[in-house]
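Chemist: Listed here are the chains, written in short residue letters.
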Amino acid sequence: MPQADATNQTITGIQAFQGEGAPAARGFWADAWDHVFKQPTAVLGLIWVGLVAFFAAFAPLLASGHPLIQWEIDQRTSQDAAASFEREAGVRLGGAGLTIADARLILDREMARQADAPRTADLAPGDPEAPLTAADVGAIADRVRQTAALDATGATLPPTSPLLKHLRAPDWAILVFGVAGIALWLAPAGLVGGTRRSTRLGAAAAMGLQAALTVVLAIAVGAYFTRRDAPDWAREMEGQAWFIPAAAFACAAVAALLFALVPLFKSAAVRIGVVVGVAAIAGTIVGATWKTPPGSFDYMQRERLGEIKAVYTLLPWSPSQRPSDRDAGVLPPGMTHDQALANVVRAAIPPSGLRESTPRDVEEAVRRARLLPVPSEYRDRIATAIETEFGGRSGVSPSALRSLVEEELRGVGRSHPLGTDSFGQDVLSQILHACRLAISMGLVATGLAVVIGVTMGSLMGYFGGWVDMLLYRVVEMFMAIPVLFLLIVAAGVLPRNTYVMMAIIGCVTWHGAARFTRAEFMKLRSQDFVQSARSVGLPLPSILFKHMLPNGVTPVLVDASFGIAAAILFEAVLSYLGLGPPDQPSWGRVLSDAAGETGTFNWWLGVFPGGAIFLTVLSLTMVGQALRDAIDPKLKKARV
Amino acid sequence: MTSYIIRRLLLIVPTVLGITFMIFMLVALSPGGIGAALQASSGSMEQTDRARQEAYLEERYGLKDPVVVQYGRWLARVSPIKFGRRDLIRPDGEVIRAPRPLGPPVLAGDWYAALPAAPPTAPDYEFSDADVEVPADAPGGPLHWLVVDGAKVSAGQAIAEIGGGDAPGFTVRSPGAGVLSQGVSDGAQAGAGASIGRITESRDDAYRRASDRYAFARAEYIAARSHLEEAVRAYANWGADRLGEHNTFQRRLTERRALLDDPGEMSQEQIGQVEAEIADLESRLLSDAEIAAAEAHRDKYRGTISRDNDIRAGALRRIGLERDHPLAPSIGEYGQQAVDAYQHALAERENLIGMIRARPFPSAGFWVVPGYVSIGWPDLGVSFSRGSSVQSLIGKALPVTLMLNCIAFPVIYMLAVPTGLLAAVQKGRLFDHISGIAVVALWSIPVVVASVLMLGYLANRSGLLGENHFPTGLDPAGAEAMSFLPYSADGKFHPGLLLSKLHHMVLPLIALIYPGLAVLNKQTRASMLDNFSADYVRTAKAKGVAGQDVVFRHVLRNSLLPLITMFATIFPAMLSGSIIVERVFNIQGMGTLIVEAINLRDRELLLANVMIITCVNLLALLLADILYALADPRISYS
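Chains Z and F, in that order, give the protein sequences.
According to my numbering, the residues represented by the first sequence are 56 to 695, in order.
According to my numbering, the residues represented by the second sequence are 9 to 646, in order.
With the rest of the complex left out, here is chain F (with noise of 0.2 Å):
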């Protein structure tokens, strides 16, 4: 059994992989694909803008590189079994990692300013536990600190530069990057250790500061980049586009001239405008000198542009750059700005990945082979759309669809096993007509059709009631005041959030249980009667048991089996009926979550969605399995 389970444990692991693989897959290659709602929405944006666009999404999802190994990495997160490095995680829950590295401007060193020889190192930071920890008593709340001088400064000396001089405020400094940290000491009044200044820079601000002015950098610097690009394309296309402007010119001249051999019915006035735009166009043509060195520069940069507009550094680099062309400086005061803010992205880079080497969070997991492998919480990424961690979101949502999924089950097998035993019992009679029709009509009324209109008649003040008896919506207005429990004060009663919750839920449930109860209510019929038919029933009846211990102690027994298999059917089907309902009647549960990220294309928010919603199916469909095996001493699976 053990190794039944485990071995059905493993098999989940290749059919959520193909599965993710397979949605994945689905949204990369689909038109438009992933982060073409962000790239759709920056179409009107400053080019600066765009930029800083894309580098965000670069950042976040490498974009550019194969959806393969896109989806590698994406795999890579979400595994629980982790190498290398073991990840920190803050205290909000979000996974951090070292940042991505950058590349280099195109033709650096060759066209304009050579890059630095040196890139830069790393400051050391450190953070030390010991410092985190302030006396309990200690005033002004728990001290976070950072202080970085060369030397390592303690919380004691911190308080004592702090509330021992008269500064009110103080400045940290690291060696790389500049002020670091201000904190304001609010502690005015000094006293030997009575008042501590509380420091307002905590390990989290500390990081988050330097991973904002990564990102900052970084964005500076991609704009840089594309700034220099740009002149990189217009110089490679300077003779083409001379030549073609020419040529424009020239066409239009000569239809102006056509129309002055042949005046018409122009009035002077017209004549006048199109001689002075002949004059103008005459002024604007190249002389022939300056045709051939447009020409010449044409067939010099031929093919160095490619059709997508990207640009081949090899050949450019090649053929190298005329010094004394018009466009040339721009390219060198370009390519110095990019250069500069290469630098300073660099540096940056290096001022956060040694904030993180010092691991200012705890480490997520735990080492199974120290230093190579670890196990930890799958990183299940932060949703675009929502700005937050996904994890959190899935956490918020995930408790209600299953608590609406969990009260449904037991519903459904508490009315559908007497009904279907009655039925079966009464096989023939009025009863069992009524219920064979009623089971039927539940069956083939569409989730989606039941919710609308019960929405429309019941939770509605116009509708049938009169008045709305059913409110919708899963969180009672007013609930942060209500007791859990209901009580009765000033004569009058009080719900409390129990039943609260409970009378919201009363309409979403029903449209869980209603297609669940008819399925199932047939099959308990089905095979109540199956067994009814059977021998030992028949040797029962014949040695003279008592007719209501023939039903309840062997029939129902046996009949029962075939009810727990069917968990297996009715859970999934549970499931993609919750999001229905959930949509109806407005419920922040897994379906409104996965239909909110398939409309944004949230693409971590959809695959943590699609995984998390597949393990537990999964993992229910395999609690089926035991129970069965578990209820049936004949079925082993061993």
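Bound conformation, chain Z alone (with noise of 0.2 Å):
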């Protein structure tokens, strides 16, 4: 029917014909995702998607352990500079001996700060090459002592960035590429010589590809060399200085070379052009990032000795921080570790109706007090305060001087917004960072599955007869084990690290998406189109993936979208029962914490990353749903 524009313009037949006063034609999945948009679950199905996924690239420049920002305060005095001295010169003398140059390296490097240090060449004259004795080093001690030009100015060093430092290949990778992504995906058509912007977000997931192929190369490589049962070789070639580069590079040439072959540009020069950019930059981050220095998360501490200065992001938590003090087990939310440094003092005295407490355990949580690892001035405080209120007392109630001293530890530490778990590990930090863990566990498990089941699916119903039924007895057992049961089975027996978790996920369940190619092939193989292709004589990948499977994918990918949500569900699982990736935070593992092996539960631990999961499969299914009843109207028929 032609439809009249707003004007009432009358027009004829044949314009009609053409097209005129009809809404512009556009494209079925575009047309797919208006309808999704109309609807509020699904909208806000996306928004919480969304979210998941931004704190999956960027959870961990959010939630870190490691400050932003630091500033060194100098605090060295001469003093300082002489012992050191003495003590890593005392070292070099009781094994190979130390000669004056060596001398000199270490005394310039302890009084690099200082821009008015004593010339070093006066502290040890003599040939360079010369052996010092013991004697020699302590002359040259008291010679720094004396020299007094070394003192504890308080002036901030320059800043430097340890989040930065501890970032991994893959964080760098997503950062980068993710952003560099996403302004070519948006960026108006003029900068980038008016290509579309689908062929633009094609090439953006192609280069985000290769990258993260790289990465993942390097980490492969990475692991092999250094295993513990390595051959002797790749020891000694792992030690060379030459081997990271060599290394990082290699990779980058390997990802780059598979993705040379991909057509996505019609220039052959700007298609090797942009894989070789991404190589390069892909290969430079792998390199850089190849050995992360392993994280120590004293800066509270130095903070608080006022030796640094440092300025944190949104949490300051990383997910694998520990605390120091055992104490600091499970805090509920909100709890700064106050209570745990409460309880250090609370242990001198007796539990109430073992015995009186007597002024001698006052004394000792005195004493303990004295010794928190909190600044100088707290610990005072906490001292006298115990002393001026129970002091020479006895029968002091453990649970008394208990709240004394969380009063006035009142604002000591960074609270734990969502609590931690039994190990200490802040449970909010943890909920952040396994975001990428559950996204990237949905979407290449189910890539994985789509793409196995799209093609034993082709196959099945293109051929039919005999492939059909052969194929389809792999199917059936597939079918009739509970996915759960074989998920186990293999998550339990191979290596357990995410990139296999989701390798086992996506070959168990494709099933899904080769039952619905199979019923669309089977009623696409008969048309005139795939006649006539046939006819013509294309080659049979030309045939089913350029001719049939456009046609046919559109209930796979819509039944993607609960599969995603079944992936991330089942990641949960397996890591609930502990066969999931170790060493990666996770939202079925800090689920499992929950019920403690007492018969405590701590709800934080069960309530959050219940509700993360919880929230996630809700919208994706309300989602597909959308996404279904949009492409589907009589299935949508039949639900209303």
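Please keep in mind that the hints were generated in silico from the structure rather than gathered at the bench.
Just so we're clear, the structure is a prediction, and the values are computed from it rather than from any experiment.
No residue lacks a Cβ here, since even glycine has one placed at the ideal position from N, Cα and C.
Certain hints may be false.
Claimed, not checked - Stretch by stretch, here's where chain F covers chain Z in the computed footprint (C-beta under 8 Å, at least three residues):
{"id": "1", "region": "520 to 531"}
{"id": "2", "region": "542 to 549"}
{"id": "3", "region": "667 to 674"}
What the hints assert, rightly or not - Reference excerpt, derived from the structure (chain F facing chain Z, CB under 7 Å, subset only):
{"id": "4", "residue": "Leu461"}
{"id": "5", "residue": "Gly464"}
{"id": "6", "residue": "Ile621"}
{"id": "7", "residue": "Asn625"}
{"id": "8", "residue": "Leu626"}
Claimed, not checked - Calculated Cβ distances over 10 Å to all of chain Z for the following chain F residues:
{"id": "9", "residue": "Arg98"}
{"id": "10", "residue": "Asn255"}
{"id": "11", "residue": "Arg292"}
Take the two lone chains and join them into the complex the hints point to.
Modeler: The following block contains the structure:
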């Protein structure tokens, strides 16, 4: 039916036939997404999924125990410099001996921060190759002490960023290529040579995949060379200076070779340029982060001692950050460490019922208070408070002592917004970092399942006959056993890491996609366009994937949205059962900590990760349903 | 219909084969593989103990064979159709099989003592059914017996020997293997058949003893063999090892001499130490003749020990042993020990074979083609982590899982169909909206989250209810003392076993029920609405049929059909769900069993578990199809 436009202009039949007055034709998927965006529940779901994806990408930047910026405060005196020179020289003397040149190197390093440091040549004169004795070292140290040129200035040194230093290759890759990809996609067409947005999206995805492949390869190579039973030649090679850059760029080159074949850009020169550029960036990232320094989270301690000043990001906790004091085990939401610290002092007083506490116990509590790992003014205040309140008294109750110390300690340490788990690790930080595992597990595993399923299903549907019979037995095999059983077996037996887990979930859940594709292809097989494609002698992959697949892939893609939810759920369940990748924050793992072995229930360990799983699954279900309703109105009629 | 069912049943076989093959390969080819846990735990053991451990694993799993062969062996055990002799079944359900052949020690007869020319033969045992039968009034309980002393000794004779003589004990000897059993007669007072000495040796004990002795002898032999192999390796590597040692000494000597050339700040004492070391090293260096001998030895035996430390026996046999070599006596000694142990193990093996040949236990299954093909109960093997037969473990776990599911299923249908019906009838009204929201919410709450939260908030003293109203675990405390049905006594209500068990099951059941409830409710509503708009409903309404009749007689009946097929969707999901539920609520069902099996790498338990679950699942699906055909006359499978 021709539609008249707003001005009620009459048009001729021919004009109507030409499409005048009718809304401009839009793509199938654009229409479908329009329908989805009209559903408020689906929009809410998309927002939540977007939030999870955002945290997946940027959690290492948003929640980290490493400060974003850190200034060291100069506290060194010549006493310190001399002492540390003596210490290091002593160690060296015990081994291979120390020459004057070595002593100069050490001294220069010790006094590097002082512009007017005494010239080391004066302190250690003589032939640079001449060996030093212990007496010489003592003399030099004395002279350093006497110079008194090094005084604690209290000045801040230039800022460094431990956070950026501790980012790993995947973090950098996501940061660089995620931002670049989004920019490329959203850039105005004039800026990027007038290419279409969908082409650019494809290019961004390809660049991201190439970088991801480089990173994965590098991780695999690194793991191979540093595994425990690595052969000697590997160890030797790994120790060489050239190894890291060479390995990084070898990985980048392998990934680039694969992606040089993807025909995304028409001009070969542009294609090769892009691929080489991505390889260069990815190789640099991988090489620079090959050996991440081991993280030690002593910043807070150093801050209290006045050694550094630090600025943290949004959430100053890393998921793997464990407190040094063991009492800080399970802290409820909003709790700082003061309770744990109070427990340290409280432990000096015998628990009620055992015996009366004596003045000596209170003295012990004061002594412990003076040893607390907090700034000295707090320590003194607590000690004084205990003495004035309880000193010389017997029968002090531990709880009274604790509440007193807690009162004095209020505000010491940073709080955990959602509490900690049984290792004292911050829950919110773990939940945020686990987004990456969930999202990547959902996308990669489902992508793998769709690829396997579509390939198998298209073969079955196109050929039919004995191919169908044989392959369908395989599909039946996977249908016959509940997926979770198969997953548990595979995850329990194979190595526990993220990539293997993705592969397992993908390889176990493909049969749904295979069945959909098979049914579609069986319908399509006898249609004219397939017959004609076959009659002109097109190669089989072309018929299957270029002509038939675009016409039959819709149900698979709609199903994939539920598949992502299922994959996220499977990951959570496997992690809950203890079969997930170790050392990787995961919603399921936090959840498994909720019910303690002694029958206690830490609600924040159950509610928050459980809520995250629930909301993600619900959101994906909503989006999937809206998409299915948009694409398959018949189903909708049945459902309404 | 019958042919359809038969075809479906037959199709189960290849499916189960495929799944078990897949799982078997996964377990066998995974890093570490089967038995890795055991082998790893033996890392710090003495060499002898490790040899025993390996012998045990080898005998039980045949781990050194190719994986496909291992799978075939497993299949042959599990298959209900057996070829050849029928196996024996012990009263506790374990299947007894003849021991595997034992390989001779390496290089026997060539480098050291020869193997016995005539291997031992199995002694003749005889078990007679009649002898097991003891008069019911015989004091001392049933008489299990074993007497072998050349001739068969009947129960009567045994009684006469024991009860009639003054000796309080008796001894039975077998020709091959010394003392086989010792029994103690506790019927000391003699009388004409009035008192029978109870012989403590039963068939079971006799078999167990023979099999234990063989296991011990086999382990001894394996240990002796590994000592011998070590000696052979040391011999074959002698030249290379000596030269290597020589080179090390020489290098160290050069270093020490360089140290003396430039003493630097060394004290006199240190110099003295170095000089002593040099003297020691010099005395250890080989002379030229010795070097030549070592080189000749090395060249002669080059390549006889592979890189993986395997002995290439053929090459060594061809080269031969130098009798005057310093290591030759040790080979002779260890070889003699290995041959002795081998002979002993062979004798014990034959003894066991003789014991089995006498068939002390009833045979498994029944003949189809006598002598060739029999049908028997599948032998699921023995779980090495639990030490009991897999069949008994599954026999305990499967009913628990099935019970949970079988209670949950009717509940799901009973709740989902009425609510779905109501929602369809009240389409667009309040109830419909509420139930729609509830369904989506229920459907999206993962079972693992719901279970953990329920456990935390309801089954916990510090939970919402203030007191633990929902105990976990399936077996109530003091279940043995409970009566089955509830009763009340002394004005107090006693729940009895039945109610108490149900009480324990409430939370797990809720966790199992709610996801299926959501799916089925949605499906009921959709299928009802589909039928409401069908022509026959309009006809019925036009005819003036009462609204109630339209809903219940026409629409509901037709809407129920697709719900039967929903069974096929819900059942596997519920089996999966029961893994989580069992884990969270600490229920000893199939889910817990399979997680334990995978954590301990218990291959037999794992495979049997997978097989049983697959069969249960497939049978349930078949049942759904049959029910569908029965319910809907339009469907026919022929």
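Chemist: All hints, please: hold or fail.
Modeler: Hint check results:
Evaluation of the coverage hint for the region 520 to 531 of chain Z: fulfilled, as 3 residues show C-beta separations to chain F shorter than 8 Å, against a requirement of three. With a threshold of 8 Å between beta carbons, the proposed coverage of the region 542 to 549 of chain Z by chain F holds, since 6 of its residues qualify and at least three are required. Coverage of the region 667 to 674 of chain Z by chain F holds [criterion: at least 3 residues with CB-CB distance below 8 Å; count 4]. Residue-level restraint check for Leu461 (chain F) holds (minimum Cβ-Cβ distance to chain Z is 5 Å; threshold 7 Å).
At its closest, the beta carbon of Gly464 (chain F) sits 4 Å from a beta carbon of chain Z; the interface hint therefore holds under the 7 Å criterion. For Ile621 (chain F), the shortest C-beta to C-beta distance to chain Z is roughly 6 Å, which falls under 7 Å, so the interface hint holds. This hint holds: Asn625 (chain F) has a C-beta 6 Å from the nearest C-beta of chain Z, less than the 7 Å allowed. Taken as an interface hint, Leu626 (chain F) checks out: its beta carbon lies about 5 Å from the nearest beta carbon of chain Z, inside 7 Å.
Against the 10 Å criterion, Arg98 (chain F) stays outside the reach of chain Z, whose nearest CB is about 30 Å from its own CB. Non-interface call for Asn255 (chain F) relative to chain Z: holds, since the shortest CB-CB distance, roughly 18 Å, exceeds 10 Å. Consistency note on Arg292 (chain F): stated as away from chain Z, and its beta-carbon is indeed over 10 Å from all of that chain's, at 27 Å minimum.
When held up to the earlier numbered hints, the structure conflicts with none and fits them all.
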